[in-house]
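Protein chains in written order, with this note's numbering: chain A, 1 to 501; chain B, 1 to 351.
Just so you know, these hints were derived from the structure itself, not from any lab. Note that the Cβ used here is the ideal one computed from N, Cα and C, for glycine as well. Heads up, some of the hints might be wrong.
[Claimed, not checked] Residues on chain A that point at chain B, a partial pick, calculated with CB under 8 Å:
hint	residue
1	A307
2	Y337
3	S372
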Amino acid sequence: MQGSVEFSAVTKTYGPIRALADFTHRFGSGRVHALMGKNGSGKSTLIKILAGAILPTAGDFRLNGVPAHFTCPRDALAAGIVTVHQELSLVPGLSVAENIFLGRLSRRRLGPVSVIDWPRVHADAARLLTEMDIGDIDPGQPVSDLSVGQQQTVEIVKAMSFEPAVLLLDEPTSALAAREVDHLFALVRRLRARGVTILYITHRLNELFEIADTCTVLRDGHLVGAIEMADATPEIIVEMMFGDVAKARRPARRGAVADDPVLSVRGLSRRGVFENISFDLHRGEILGFAGMLGAGRTEVLRAIFGADPLDGGTIVLDGVPVQGPTPRRMKELGLGYTPENRKEVGLVQQLSIHDNLCLASLGRIAPRGMTSRRRERPHVARQIRDLAIKAADPLLPVSSLSGGNQQKVVIGNWLNTGPKVMFFDEPSRGVDIQAKQQIFEIMWAEASRGVSSIFVSSEPEELLDVADRILVLRHGRGVAEVAPGETTLAQLFRICMEGHP
Amino acid sequence: MAPNGPTGGPTGGPIGLVPNGIAVGPSGRPRRKRRGRGWLTAYAMESILLALVLSLVFLAPGFATWGNLLNVLRTISMLGIIAFGMTAVIICGEIDLSVGAGAALSGCIVAWFSGALAAPLGEVAAVIVGVAAALGAGVLTGMFAGKMRQAFNVPTFIVTLALYTALRGFANLITGGYPLTSFPDWFDFLGAGTLLGIPFPVYVFVLVFAVMHLLMTGTNFGRAVYAVGGNAEAARLSGIDVFFVKTMTLAVTGLLTALSGVLIASQIGSGTGTTATGMELDVIASSIIGGTSLMGGKGRIWGTLLGVLFLGCIANGMTLMNVSEFWQQVVRGGTILGAVLLNQILERARA
Numbered sequence: 001m002q003g004s005v006e007f008s009a010v011t012k013t014y015g016p017i018r019a020l021a022d023f024t025h026r027f028g029s030g031r032v033h034a035l036m037g038k039n040g041s042g043k044s045t046l047i048k049i050l051a052g053a054i055l056p057t058a059g060d061f062r063l064n065g066v067p068a069h070f071t072c073p074r075d076a077l078a079a080g081i082v083t084v085h086q087e088l089s090l091v092p093g094l095s096v097a098e099n100i101f102l103g104r105l106s107r108r109r110l111g112p113v114s115v116i117d118w119p120r121v122h123a124d125a126a127r128l129l130t131e132m133d134i135g136d137i138d139p140g141q142p143v144s145d146l147s148v149g150q151q152q153t154v155e156i157v158k159a160m161s162f163e164p165a166v167l168l169l170d171e172p173t174s175a176l177a178a179r180e181v182d183h184l185f186a187l188v189r190r191l192r193a194r195g196v197t198i199l200y201i202t203h204r205l206n207e208l209f210e211i212a213d214t215c216t217v218l219r220d221g222h223l224v225g226a227i228e229m230a231d232a233t234p235e236i237i238v239e240m241m242f243g244d245v246a247k248a249r250r251p252a253r254r255g256a257v258a259d260d261p262v263l264s265v266r267g268l269s270r271r272g273v274f275e276n277i278s279f280d281l282h283r284g285e286i287l288g289f290a291g292m293l294g295a296g297r298t299e300v301l302r303a304i305f306g307a308d309p310l311d312g313g314t315i316v317l318d319g320v321p322v323q324g325p326t327p328r329r330m331k332e333l334g335l336g337y338t339p340e341n342r343k344e345v346g347l348v349q350q351l352s353i354h355d356n357l358c359l360a361s362l363g364r365i366a367p368r369g370m371t372s373r374r375r376e377r378p379h380v381a382r383q384i385r386d387l388a389i390k391a392a393d394p395l396l397p398v399s400s401l402s403g404g405n406q407q408k409v410v411i412g413n414w415l416n417t418g419p420k421v422m423f424f425d426e427p428s429r430g431v432d433i434q435a436k437q438q439i440f441e442i443m444w445a446e447a448s449r450g451v452s453s454i455f456v457s458s459e460p461e462e463l464l465d466v467a468d469r470i471l472v473l474r475h476g477r478g479v480a481e482v483a484p485g486e487t488t489l490a491q492l493f494r495i496c497m498e499g500h501p
Numbered sequence: 001m002a003p004n005g006p007t008g009g010p011t012g013g014p015i016g017l018v019p020n021g022i023a024v025g026p027s028g029r030p031r032r033k034r035r036g037r038g039w040l041t042a043y044a045m046e047s048i049l050l051a052l053v054l055s056l057v058f059l060a061p062g063f064a065t066w067g068n069l070l071n072v073l074r075t076i077s078m079l080g081i082i083a084f085g086m087t088a089v090i091i092c093g094e095i096d097l098s099v100g101a102g103a104a105l106s107g108c109i110v111a112w113f114s115g116a117l118a119a120p121l122g123e124v125a126a127v128i129v130g131v132a133a134a135l136g137a138g139v140l141t142g143m144f145a146g147k148m149r150q151a152f153n154v155p156t157f158i159v160t161l162a163l164y165t166a167l168r169g170f171a172n173l174i175t176g177g178y179p180l181t182s183f184p185d186w187f188d189f190l191g192a193g194t195l196l197g198i199p200f201p202v203y204v205f206v207l208v209f210a211v212m213h214l215l216m217t218g219t220n221f222g223r224a225v226y227a228v229g230g231n232a233e234a235a236r237l238s239g240i241d242v243f244f245v246k247t248m249t250l251a252v253t254g255l256l257t258a259l260s261g262v263l264i265a266s267q268i269g270s271g272t273g274t275t276a277t278g279m280e281l282d283v284i285a286s287s288i289i290g291g292t293s294l295m296g297g298k299g300r301i302w303g304t305l306l307g308v309l310f311l312g313c314i315a316n317g318m319t320l321m322n323v324s325e326f327w328q329q330v331v332r333g334g335t336i337l338g339a340v341l342l343n344q345i346l347e348r349a350r351a
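Bound-form chain A, shown alone (with noise of 0.2 Å):
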């Protein structure tokens, strides 16, 4: 099994937009090469362009000095390239065999019709497995029995059962107990010992040094450069991701926040998501919560705001201590929470702009249970006002606005029940930059009104950027607290991703 990649000038282009610019370079066989970036650096395109998953623009690739041409998934895998994504792509209620087998299960014949060869399905499964030294699992399992970790072993294994000379690793330890992060480099290692060359999407930096033999560095869709592992410092490759960031262009704020939290949250815990989550939030502030995915932020606020169940700890809302919050209850009491996904669970997409800016305030523009179009229209004119949102007509369906519009409609939802508490869950995924500032611009005004907001965002230049303070979580717990102004970009990346400074 080999499988050197070589790419020359590969570029692709969405409209304006150059996710990959002139990437040319040579992925050696046999070893396992990082891949680094921050969102938007163009790492996973280059993935969809070795998996057939899209097409280049321009430029092309060679696999063992052979041109590739894929113009669908099945062409890479056929030429020996296999990805195993993020999400796991296993059905539940099938085995494991099946699983690994799925589409292309061995058949006899019966007679006159041709059946599903079960015990060789079987046999075939358990070979796999014993070669790749996998002794807890059995093939007659159903998937929906096993850890994630061992479901992340048999999407591996998986892949493995198409003979790859190239395996594509996006981001698999991301819902990874430690333990389980152990077991899967292990079998990265064997898989490496036995020639395939593996590429290797993550955004946590101590596990570059564990399992990489190099690391790529993209940025804004161009090749920062490439290093040998032993060469490599944690600084090196933080300052590779990052270059020279200009600092933020924060508005004259108000300096110091007030001392009366408004907020108080004490020992805040959920089994196997997050534990022991204490902190104030003042009057006017903007704390951000800074982390890597799944470090718990989205499902602390989620929990607070009573979206999600609590195992423990205290909850004091502008004074009153709350049990068992649910979401009615937290909008009583004057809280607000603008989801991570809009599209999913922050809008009804089949309502109008109009409507959806009514949502969360049915009860409070219309108190006695009767609302009319024309007592909430003030409401709705001051958020399209106010939130600048490009609407042609507020009764068009919200699903004809931009991205950065709709998610303008969410926030101006919230902001007609008059809250004094916003949790902002990355308010400027998705949206362009214009809108990026706009969103910050009304956080800012909102905070200048007296209104305390969390916010979340993946990007810690954003933080820094918008946040009078900063909590860092790391595997759902609170790790280090940090003020912007005294922070640099790569102390906070740093934090964010080792727990420590």
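With chain A's structure known, arrange chain B on it following the hints.
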């Protein structure tokens, strides 16, 4: 630019004027402000109903007589009263298959009380207790389906399928399998009588239409129903009590089912366990013909009114034209399918 597309311009630019687009009102109701061809798309269902009525006037002998039209109205009233509730249930993403059996049970309960309590309480009190018990049972049945959904996450399709069988069983247990004809004479008035020349059930039908229309378009509760059906999680995160909304729509439908059951029992003069067989399908069909989406989040009480009228006119017209019962069934099936296809096509034309 497509107004229903996932996004506007990448820079969040103005989405522009929508050619032939339909703006959506609070109840998903198209705002009507276009002329020409647009008018026809906006009023498609109304136009088709009008065309149907006009052709029946000429084709079906006796259709356009006062007596026949009142007869049509009386027949559809029983169905329509339930259909307005069913529309709310379907809009919030649920279904109720038990309404036919529920209507039968309701009639049997009234009949039983009218007989059993007539001696100790007197006729009038016995009927009043009976009607109250029937309506109460209807509300409880609806709430039961809602609570099962909430507590055990059993789809209402399943719970109401179980009720579909069980309620009819209860109805027959009450009557012992024979029609209970224990009503006092004046009780006929509710289902068979007329007030100012118009059948009494028609008044109930119009009242229920008005109340349900107002509920769905003019109250917070109605808005919540659309939001829950359109995106339950978004509604929950906006502080709306999703299961309260679902349970209430089911309870309202239970109430309306029982009400309709009382009228039916009065009309036929007995409580019978086998009445209203298959009614649930006609009720659901008229909602769907009226443009209610089984996916939830979309539908109008006005549309259901049109659907009910449409089914009623077509059945009556065919009977007058001596079309065989079997062909009528085929036509009714074609009508349901055609209406859904029409809605799909209109949706695309508006987009």
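Here is how each hint holds up against the structure:
For A307(A), the suggested interface contact is upheld, since its CB lies about 6 Å from the closest CB of chain B, less than 8 Å. Satisfaction of the interface hint for Y337(A) is found here, the shortest Cβ-Cβ separation to chain B being roughly 6 Å, below the 8 Å cut-off. Hint status for S372(A) relative to chain B: holds, with the closest Cβ pair at about 6 Å, below 8 Å.
Of the numbered hints listed earlier, not one is contradicted by the structure.
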